[in-house]
Amino acid sequence: MKASHTTGAERQAALLQASARVSRSIASILDLNLLFNRTVDIICDEFGFYYAGIFLIDETGEWAVLKAGRGEAGRAMLAERHKLKIGGNSMIGAAIQHRSGRIALDVGKEAVFFRNPFLPKTRSEMALPLIAGDEVIGALTVQSEIEAAFSDDDIAALQTMADQLAVAIANARLHRQNQELLRQAERRTRLLQAANKVGKEVTSVLDLDKLLPKMVDTIVEAYGFYYAGIFLVDESGQWAHLRAGYGQAGKAMLAEGHKLQVGGHSMIGTCIHLNEARIALDVGEERVHFKNPHLPHTRSEMALPLAFGEKVLGAVTVQSVEERAFSQDDITSLQTMADHLAVAIHNAYTLQALEAAHAEILRNKVYEALTAATTEAIHWIGNKALPISMTIARLKEDLADGQPDLVSLSEDLDLIAEASEMIVQVKEQLIGQAREQKPRPVLLVDVLQAAIRARGISGVEIQIAPEAAYVMADSTQLARALGNLLQNAAEAGASAILVEARADAKGQVYLTITDNGSGMSAETLEKAWTPFFSTKSDHHGLGLPAALHVITQLQGQIQLHSQEEVGTTVHITLPGARPAPAELSGAPSILLLDDDDDWARFFLAALPTARRADTPAEADLVLIDQNLTGADFDTLIAQIRQAGLVEKTIVLTAAMDVDRMTRLLRLGLRDVRLKPYSPAEISALWQA
Amino acid sequence: MTTILLVDDEKLVQRSLEKTLLRAGYDVLTAADCRSGWEIFQTNADTIDLAVFDLNMPDFTGLNKPGAGLDLLQKVLEARPALPTIVLTAYDEVNKARDAMALGARAYFVKGREQGLVELIQGILGKQE
Numbered sequence: 001m002k003a004s005h006t007t008g009a010e011r012q013a014a015l016l017q018a019s020a021r022v023s024r025s026i027a028s029i030l031d032l033n034l035l036f037n038r039t040v041d042i043i044c045d046e047f048g049f050y051y052a053g054i055f056l057i058d059e060t061g062e063w064a065v066l067k068a069g070r071g072e073a074g075r076a077m078l079a080e081r082h083k084l085k086i087g088g089n090s091m092i093g094a095a096i097q098h099r100s101g102r103i104a105l106d107v108g109k110e111a112v113f114f115r116n117p118f119l120p121k122t123r124s125e126m127a128l129p130l131i132a133g134d135e136v137i138g139a140l141t142v143q144s145e146i147e148a149a150f151s152d153d154d155i156a157a158l159q160t161m162a163d164q165l166a167v168a169i170a171n172a173r174l175h176r177q178n179q180e181l182l183r184q185a186e187r188r189t190r191l192l193q194a195a196n197k198v199g200k201e202v203t204s205v206l207d208l209d210k211l212l213p214k215m216v217d218t219i220v221e222a223y224g225f226y227y228a229g230i231f232l233v234d235e236s237g238q239w240a241h242l243r244a245g246y247g248q249a250g251k252a253m254l255a256e257g258h259k260l261q262v263g264g265h266s267m268i269g270t271c272i273h274l275n276e277a278r279i280a281l282d283v284g285e286e287r288v289h290f291k292n293p294h295l296p297h298t299r300s301e302m303a304l305p306l307a308f309g310e311k312v313l314g315a316v317t318v319q320s321v322e323e324r325a326f327s328q329d330d331i332t333s334l335q336t337m338a339d340h341l342a343v344a345i346h347n348a349y350t351l352q353a354l355e356a357a358h359a360e361i362l363r364n365k366v367y368e369a370l371t372a373a374t375t376e377a378i379h380w381i382g383n384k385a386l387p388i389s390m391t392i393a394r395l396k397e398d399l400a401d402g403q404p405d406l407v408s409l410s411e412d413l414d415l416i417a418e419a420s421e422m423i424v425q426v427k428e429q430l431i432g433q434a435r436e437q438k439p440r441p442v443l444l445v446d447v448l449q450a451a452i453r454a455r456g457i458s459g460v461e462i463q464i465a466p467e468a469a470y471v472m473a474d475s476t477q478l479a480r481a482l483g484n485l486l487q488n489a490a491e492a493g494a495s496a497i498l499v500e501a502r503a504d505a506k507g508q509v510y511l512t513i514t515d516n517g518s519g520m521s522a523e524t525l526e527k528a529w530t531p532f533f534s535t536k537s538d539h540h541g542l543g544l545p546a547a548l549h550v551i552t553q554l555q556g557q558i559q560l561h562s563q564e565e566v567g568t569t570v571h572i573t574l575p576g577a578r579p580a581p582a583e584l585s586g587a588p589s590i591l592l593l594d595d596d597d598d599w600a601r602f603f604l605a606a607l608p609t610a611r612r613a614d615t616p617a618e619a620d621l622v623l624i625d626q627n628l629t630g631a632d633f634d635t636l637i638a639q640i641r642q643a644g645l646v647e648k649t650i651v652l653t654a655a656m657d658v659d660r661m662t663r664l665l666r667l668g669l670r671d672v673r674l675k676p677y678s679p680a681e682i683s684a685l686w687q688a
Numbered sequence: 001m002t003t004i005l006l007v008d009d010e011k012l013v014q015r016s017l018e019k020t021l022l023r024a025g026y027d028v029l030t031a032a033d034c035r036s037g038w039e040i041f042q043t044n045a046d047t048i049d050l051a052v053f054d055l056n057m058p059d060f061t062g063l064n065k066p067g068a069g070l071d072l073l074q075k076v077l078e079a080r081p082a083l084p085t086i087v088l089t090a091y092d093e094v095n096k097a098r099d100a101m102a103l104g105a106r107a108y109f110v111k112g113r114e115q116g117l118v119e120l121i122q123g124i125l126g127k128q129e
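Read top to bottom, the protein sequences are chains A and B.
The first sequence maps to residues 1 to 688 in this note's numbering.
The second sequence maps to residues 1 to 129 in this note's numbering.
Simulated from the structure, these hints should not be mistaken for laboratory data.
Any given hint might turn out to be false.
To be verified - Once the Cα atoms are required to be at most 27 Å apart in a straight line, the calculated DSS-like pairs of lysine-lysine come out as:
hint, chain 1, residue 1, chain 2, residue 2
1, A, 197, A, 251
2, A, 214, A, 121
3, A, 197, A, 311
4, B, 96, B, 75
5, A, 291, A, 259
6, B, 96, A, 396
7, A, 291, A, 365
8, A, 365, B, 19
9, A, 506, A, 527
10, A, 200, A, 251
11, B, 96, A, 527
12, A, 527, B, 19
13, B, 11, A, 396
14, A, 365, A, 527
15, A, 210, A, 200
A quick note: this is a predicted structure, and the numbers were derived from the prediction, not measured.
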């Protein structure tokens with residue numbers, strides 16, 4: 001359709017129809033660029049015009065900026081950022097200012113026409129204001145190669161279309177605003193969630209190596225930034241060391257030991273030095289920006305101080321690939337986050353300082369304890385060895401005299417023997433408890449009775465709750481530990497010693513040994529665990545340290561409470577145990593020589609075919625409880641030898657003693673064994 | 001006869017020293033802690049010519065205490081300021097020696113050289129005579 005070959009009425013109708021088509025096809029376009037380009041194309045195609053272009057008023061309200069232009073000419077002008085002064089001498093400028101369409105039918109004669117080198121063929125031009133509501137938002141230019149191409153009627157027809165275009169532009173703008181609002185709302189929600197997460201983590205994680213990487217991940221993921229990193233100032237106060245960095249860039253910089261000088265030219269360095277946030281919205285123009293090869297896409301960067309009170313502990317860097325990426329919301333919420341983080345870092349530092357102080361105290365205590373133990377040991381051995389050298393000197397004198405006093409000489413030899421014996425015994429006392437333990441379920445009452453009998457202690461009352469009957473222990477070592485404790489009670493002059501045991505729901509057994517002896521002073525109590533410390537000159541001072549060693553190895557705990565003139569209570573915790581039940585079969589005829597004690601009752605309940613007796617009698621297997629009180633053990637052994645039963649006899653003991661075992665085996669006994677405390681252990685007696 | 005009070009809690013040390021002193025011709029009274037040492041001193045206050053105290057032994061309450069010998073030394077010297085006294089210890093410790101001398105002990109002797117002790121006693125008693 002060419003404007004010049006049609007009548008006025010036809011043109012009018014055609015223009016109106018084309019306007020309606022243009023309106024329909026652009027009404028639903030929400031993308032502004034698409035809307036503009038489609039509009040200029042449709043106008044030129046439908047009406048056969050040479051050129052069409054759309055201008056919008058810029059933010060200043062002074063210029064109409066070209067937003068779309070038809071063809072090469074349009075592209076070239078867009079590239080030049082073509083704009084026209086509103087109210088200037090251009091037709092567009094005039095149309096906007098006067099809010100009315102303007103026609104230049106013969107451009108050569110129109111004073112307001114701007115001679116445009118990109119559109120040399122233009123002979124007619126129409127400029128129509130784009131009015132949405134009451135507001136002029138821009139203008140539409142339509143140009144023709146034909147002189148006098150437009151009539152006043154054309155203005156009316158095309159103005160209708162321009163009005164539709166203005167509405168479409170307003171709609172698209174509104175849509176864009178809505179989208180932006182929605183995006184901001186979503187972002188706010190995400191930031192709130194992130195802040196919440198950070199808040200929780202900073203209060204619960206005191207390990208900076210865990211907390212800081214979590215922080216950078218949270219910041220980057222919640223805000224959609226390119227990178228985040230956390231720097232902490234070192235002790236010298238001169239360097240900020242990267243302690244956490246996001247992604248591969250972070251990993252690489254951490255591996256390089258990336259650090260920045262406080263007060264240097266980096267944003268981090270300046271931020272820490274000044275204790276204030278630094279923002280570089282276009283990093284290329286910011287003097288303090290550190291050009292980082294690991295983060296080549298950074299276009300905006302923010303550095304926020306991590307300050308606790310007046311002290312700057314470090315800084316957070318946040319980087320984006322977008323220019324002007326940080327909104328006021330971002331800055332506010334990130335600084336709040338940084339403030340929380342600074343508190344967490346401060347807390348972690350405080351904890352580290354406390355831990356260091358604690359470690360130092362511990363080190364000093366260990367050193368003190370070692371020094372005390374060594375001093376006690378040297379003192380002890382010196383004291384014990386002293387009579388040997390003294391006596392030897394005297395013996396030499398005696399021999400030099402040529403008239404030795406045999407009685408005195410014999411006593412001197414006894415002194416030497418006794419002194420050396422004490423020194424030799426210490427070896428077993430020191431090493432004995434350190435031998436490897438073989439924990440198994442053991443009958444607590446039996447081990448206690450063995451310890452009591454071995455040490456010849458009287459006045460002990462035992463009260464064990466049924467659920468505390470068994471503990472997980474090495475019976476030999478437990479008898480040693482309990483024996484040491486009971487002996488201490490007896491030697492403190494106790495007339496009554498009460499041993500109680502109960503168990504909790506988790507199966508832990510609580511054992512207490514309470515005596516009414518002389519008790520200990522606070523000073524003695526403090527030293528009680530020190531090896532070689534003793535209040536008695538004829539003791540080696542290893543009883544309590546040995547008990548501590550044994551109980552600790554059994555995963556138990558031991559504590560002393562004592563009051564002078566009142567007595568001492570030892571609290572012991574040990575893991576409880578339950579021996580596995582088992583059916584016993586194939587047992588030979590067994591005679592058990594034992595008192596009617598707890599262990600014998602356990603044994604006979606597990607093996608009802610066995611007989612208990614006080615004197616030896618014929619059987620396939622004779623078992624003797626070494627811990628029997630009803631008869632004299634040695635007499636019993638003599639009777640067994642007399643009855644010819646030695647080779648069928650096994651001595652059972654809760655606590656193995658090598659000397660005693662050797663002596664019994666020399667008598668020809670079949671074996672000396674640890675007492676069985678479970679059916680399986682009983683069956684091992686005849687299966688071995 | 002010269003009588004020496006010997007207070008030492010190490011049984012074997014005490015007996016060995018006692019034998020050495022007996023052989024040197026002294027009468028020896030022995031005790032194993034501050035309390036019994038003080039009792040023996042009180043009952044024999046007039047006959048004791050010299051006292052030898054171990055430095056570390058049970059104190060007056062019977063509890064082992066480092067330096068308890070100095071407590072007994074002080075008490076004995078309060079009762080008899082002119083009594084010659086020697087403090088024994090198992091190992092050399094200058095500060096304790098200074099304390100003992102400050103309290104009025106005539107000498108401080110490190111255990112282990114009995115003949116040295118006899119010579120020391122003879123020297124102290126000789127000077128006095």
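Hints, one by one, checked against the model:
1. Simply put, residue 197 of chain A and residue 251 of chain A have alpha-carbon atoms about 23 Å apart, close enough for the 27 Å limit, and the pair holds.
2. The hinted pair formed by residue 214 of chain A and residue 121 of chain A fails the criterion: a straight-line CA distance of about 65 Å is larger than 27 Å.
3. The suggested pairing of residue 197 of chain A with residue 311 of chain A holds, with an alpha-carbon distance near 25 Å, which does not exceed 27 Å.
4. Taken as a hint, the residue 96 of chain B and residue 75 of chain B pair is honoured in the structure, with Cα atoms around 17 Å apart against an allowance of 27 Å.
5. This hinted pair checks out: residue 291 of chain A and residue 259 of chain A have alpha carbons roughly 14 Å apart, not beyond 27 Å.
6. Proximity of residue 96 of chain B to residue 396 of chain A is assessed by CA-CA distance (about 32 Å); at most 27 Å being required, the pair is judged violated.
7. Taking the CA atoms of residue 291 of chain A and residue 365 of chain A, the gap is near 52 Å; set against the 27 Å cutoff, the hint is violated.
8. This hinted pair does not check out: residue 365 of chain A and residue 19 of chain B have alpha carbons roughly 43 Å apart, beyond 27 Å.
9. For the proposed pair residue 506 of chain A and residue 527 of chain A, the alpha carbon gap of about 33 Å is over 27 Å, so the pair is violated.
10. Restraint check: the Cα-Cα separation between residue 200 of chain A and residue 251 of chain A comes to about 25 Å, which is no more than 27 Å; the hinted pair holds.
11. A threshold of 27 Å between alpha carbons decides the hint, and for residue 96 of chain B with residue 527 of chain A the separation of about 21 Å falls inside it, so the pair holds.
12. For the suggested pair residue 527 of chain A and residue 19 of chain B, the alpha carbons sit about 34 Å apart, so the restraint of at most 27 Å is broken.
13. Under the criterion of a C-alpha separation no larger than 27 Å, the hint pairing residue 11 of chain B with residue 396 of chain A is consistent with the structure, at around 22 Å.
14. Between residue 365 of chain A and residue 527 of chain A the CA atoms are separated by roughly 12 Å; this keeps the pair inside 27 Å, and the hint holds.
15. Restraint check for residue 210 of chain A and residue 200 of chain A: the C-alpha separation of about 14 Å stays at or below 27 Å, so the hint holds.
Hint check: violations occur at hints 2, 6, 7, 8, 9 and 12; the rest are consistent with the structure.
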